[in-house]
Every structure is written in structure tokens, then in C-alpha cells.
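*Asks:* Sequence:
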Amino acid sequence: NETYDLRNLLHSGYGNAIGYKNTKLDELLDKLKSGLPREEETETYGKIKKLIGDELPYYCILYKTYGAMLSENIKGVNSVYFNNFYKDAPNWYCEYEVH
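Using our numbering, the first residue of the sequence shown is number 446, and each one after it goes up by one.
The set of hints was computed from the structure by calculation and includes no laboratory data. Here a beta-carbon is modelled for each residue, glycine too, at the ideal position from N, C-alpha and C.
Below are the DMTMM-like pairs computed for lysine to aspartate or glutamate, each with C-alpha atoms no more than 20 Å apart in a straight line:
hint, residue 1, residue 2
1, Lys495, Glu484
2, Lys495, Asp450
3, Lys520, Glu542
4, Lys466, Asp450
5, Lys494, Asp450
6, Lys478, Asp533
7, Lys495, Asp471
8, Lys469, Glu486
9, Lys494, Glu484
10, Lys478, Glu488
11, Lys532, Glu517
12, Lys532, Asp450
13, Lys492, Asp471
Okay, the calculated beta carbon distance ranges per label pair:
hint, residue 1, residue 2, range
14, Val543, Pro502, 44 to 52 Å
15, Lys532, Thr468, 23 to 31 Å
16, Tyr465, Glu542, 45 to 53 Å
Required output: the full structure, derived from the provided sequences and hints.
*Replies:* Pasting the structure below:
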């Protein structure tokens with residue numbers, strides 16, 4: 446599910462900001478992108494959760510609270526993800542009339 450793709454945060458080959466590297470986690474994240482059956486996908490997410498919980502590559506000391514709003518005048522927005530509000534932003538546009 447692309448909505449929950451965590452590779453940009455945790456995969457060593459996707460330039461994660463903290464430089465975290467774990468080949469087992471890389472394998473699990475890649476496995477999720479291979480189109481798993483629902484049961485196997487759930488199991489894989491469980492393994493990722495355990496691994497992240499054991500190693501704590503990120504430790505949040507505060508959380509930013511925010512909301513995302515979008516004007517109905519902006520077109521071309523197919524989806525907004527929790528970790529990437531600007532996905533496909535180059536495709537966004539506005540239609541308006543000049544009077």
C-alpha cells in the first residue's frame with residue numbers, strides 16, 4: 446500500500462535523513478512493495494513494527510500537530526499521504542477565468 450510506504454524514512458537505499466541501515470528491515474520494506482496477499486502483508490508489517498521497536502532508529506520527543514486542507518480550486522490532486530503531503534504536487538493546477 447503506497448499510502449504507508451516507509452522506505453523514505455527507514456530504508457538505507459532511499460536516503461533516509463538519519464542514515465539508518467538495517468538489511469533485514471530493507472528486505473521487509475521491499476517485500477511490502479511486491480504485492481503480498483493481505484495476511485502476509487499484515488505479518489510483514491508486524492515484523493517491521495517489532496524490529497523498529499527493538500532498535501528505535503527514531504525516538505520522538507515531541508509531535509507536531511497539524512491538519513491538511515485543500516482548496517476545491519486546486520485540481521490534479523489524486524492522493525495525499527501521511528508522510529508526503531506534496532506527492533504529485535507538480536501535477537497540481539488551478540482553473541480560473543480571466544474577466
